[in-house]
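Asker: Here is what each chain is made of, one letter per residue.
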Amino acid sequence: MATLLRRVLRPLRRLPGRPGPAADVSLRPRSHGAGLLYPDHIPTSPLQKALLAAGSAGMALYNPYRHDMVAVLGETTGHRTLKILRDQMRRDPEGAQILQERPRISLSTLDLGKLQSLPEGSLGREYLRFLDVNRVSPDTRVPTRFVDDEELAYVIQRYREVHDMLHTLLGMPTNILGEIVVKWFEAVQTGLPMCILGALFGPIRLSVQSLHLLVSELIPWAVQNGRQAPCVLNLYYERRWEQPLRALREELGITVPPVHVQGLA
Amino acid sequence: MAASRSCALWSCCGRRWSRSMRGCWLSELHSSWSGGPLGARLLSQEKRATETHFGFETVSEEEKGGKVYQVFESVAKKYDVMNDMMSLGIHRVWKDLLIWKMRPLPGTQLLDVAGGTGDIAFRFLNYVQAQHQRKQKRQLRAQQNLSWEEIAKKYQSEEDSLGGSRVMVCDINKEMLKVGKQKAFAQQYKAGLAWVLGDAEELPFDDDKFDIYTIAFGIRNVTHIDQALQEAHRVLKPGGRFLCLEFSQVSNPLISRLYDLYSFQVIPVLGEVIAGDWKSYQYLVESIRRFPSQEEFKDMIEDAGFQKVAYESLTSGIVAIHSGFKL
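Residue numbers (the working numbering), protein chains in the order written: chain F, 1 to 265; chain V, 1 to 327.
Bear in mind the hints are in silico, worked out from the structure with no lab data behind them. Not one of these hints is a red herring.
Here are the simulated DMTMM-like pairs of lysine to aspartate or glutamate, each with C-alpha atoms no more than 25 Å apart in a straight line:
hint	chain 1	residue 1	chain 2	residue 2
1	V	Lys67	F	Asp40
2	V	Lys279	F	Glu151
3	V	Lys181	V	Asp160
4	F	Lys83	F	Asp40
5	V	Lys298	V	Asp260
6	V	Lys279	F	Asp68
7	F	Lys83	F	Glu94
8	F	Lys49	V	Asp260
9	V	Lys137	V	Glu150
10	V	Lys137	V	Glu149
11	V	Lys95	V	Glu246
12	V	Lys237	V	Glu312
13	V	Lys279	F	Asp148
14	V	Lys178	V	Asp80
15	V	Lys181	V	Glu201
16	V	Lys77	F	Asp68
17	V	Lys174	V	Glu246
18	V	Lys279	F	Glu150
19	V	Lys95	V	Asp226
20	V	Lys78	V	Asp260
21	V	Lys181	V	Asp206
22	F	Lys114	F	Glu242
23	F	Lys49	V	Glu57
24	V	Lys77	F	Asp40
25	V	Lys279	F	Asp139
26	V	Lys183	V	Asp160
27	F	Lys83	F	Asp148
28	F	Lys49	V	Asp84
29	F	Lys49	V	Asp277
30	F	Lys83	F	Glu161
31	V	Lys78	F	Asp68
32	V	Lys237	V	Glu302
33	F	Lys49	F	Asp87
34	F	Lys83	F	Asp68
35	V	Lys135	V	Asp96
36	V	Lys78	F	Asp40
37	V	Lys178	V	Glu202
38	V	Lys279	F	Asp40
39	V	Lys67	F	Asp68
40	V	Lys279	F	Asp149
From a predicted model like this one, the values you see are computed outputs, not experimental measurements.
Sequences and hints are given; from them, build the entire structure.
Answerer: Written out as structure tokens, the structure reads:
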């Protein structure tokens with residue numbers, strides 16, 4: 001029967017632009033053309049999301065330098081949590097403004113000259129110093145692709161861009177120990193499965209001394225601060241560049257880290 | 001950009017001037033060229049639709065070449081790893097079967113088009129080398145009363161371990177060729193191997209040059225498959241053989257559904273996790289669906305002038321080897 005169908009379709013086959021038999025459409029999610037909710041969107045089926053979640057988790061553990069895998073894990077596992085975060089942002093006045101105006105932190109939107117000229121100790125100046133010392137840039141973040149809701153895609157993108165801010169606020173460098181501490185803070189704050197998994201499994205690759213330091217001092221500090229601070233996604237950082245970092249920390253109730261982790265203080 | 005580079009390469013390679021002039025694959029040059037032996041062929045191209053498919057997308061013909069180039073540029077480094085992952089290693093068996101079907105005799109001149117990372121070329125070299133060694137052994141065994149010195153001298157004096165066989169690997173993509181050359185260096189293939197940058201639709205070779213033309217998993221990426229087939233016909237010697245290993249249509253409906261499920265659900269995920277590139281592997285599985293069936297492709301090969309065209313489906317039709325002769 002299939003060959004009969006093909007014989008009938010044969011004269012049409014040679015023409016370009018002819019899709020395959022309709023029966024298989026359900027198994028073939030389109031990744032281009034109509035149906036895209038935002039520019040980088042790739043629609044995925046539940047099976048693909050499950051495979052992606054498993055694969056990215058494994059690959060992220062195997063090769064910790066694959067930051068894109070951590071991002072993909074977050075996107076595929078965070079749907080429910082992102083909804084909760086988004087609703088909570090809507091209830092907060094500053095958060096609602098962020099959702100409406102959709103600010104983005106990237107090298108093209110940041111005025112580096114202005115940030116450079118800000119006084120020492122201000123958020124903008126310290127953020128810039130953090131970028132320089134750790135040799136990172138806000139543009140190396142992968143865009144969101146696998147979230148099937150346009151607003152939630154922005155929420156997770158904002159979360160990623162705020163991650164660097166958290167490093168500055170908590171005074172943690174971008175080495176593996178610093179990243180784990182920030183992950184613990186984020187896990188408590190956001191509840192994203194990817195943060196929780198990263199916080200629990202990240203320490204696997206640490207040395208015994210770092211692990212001891214982490215468990216005895218840094219994790220309790222991060223958890224305590226995460227609990228008492230309001231949600232960090234609700235801060236409109238772009239309007240707070242001039243605010244002194246110390247004042248911002250006091251506002252959020254973030255204390256000084258108990259141990260000086262190598263790198264940016 | 002890629003077109004002007006390949007133009008320069010061909011013109012300084014001293015090819016026939018008419019070919020190198022036509023070599024720039026911008027369609028404007030096609031229409032402005034008039035008269036000469038190429039005129040008749042070009043007239044038939046004028047009525048061609050300017051749109052074609054790129055996977056399930058529709059793109060213009062000029063765009064397709066560039067987009068395919070970008071796909072292979074980005075997958076080149078992980079090409080072999082991904083092939084193993086996606087086909088669970090079965091692609092090695094398919095390529096081995098292609099060489100066994102070929103049964104190259106000593107002294108064969110092989111042209112492997114779209115052969116970027118060299119899989120077919122290396123298998124060919126292994127085969128002819130093994131054949132040559134077997135022949136040597138047989139010869140020595142036949143001559144019973146040689147002294148040890150004479151036997152040792154026979155082995156030492158042998159300069160050409162391939163019996164005159166040569167393989168030319170031609171690919172349009174620089175990154176793929178680079179990976180192939182690195183592999184050749186690592187696995188120490190030196191003799192009888194050449195690497196050429198070229199377009200399957202406009203091969204930088206003279207007529208009647210090669211004994212065998214192979215194209216493995218490359219022809220479905222070519223914008224004008226019929227042109228590639230005509231070029232294949234042109235560069236083969238009379239008596240030469242055309243062999244194509246390509247993904248094809250599965251006949252069994254159950255296997256077809258499983259294959260579709262695997263292709264569309266698993267392969268792009270593998271591409272994302274292993275190579276960090278979803279879109280290239282989505283293109284790959286879509287381009288497989290766009291390729292004509294075994295019978296249709298057989299007709300296309302016959303249209304290009306090949307005779308005794310036959311095909312053999314492997315793994316329930318997931319791939320097929322098409323073969324034709326220039327007589």
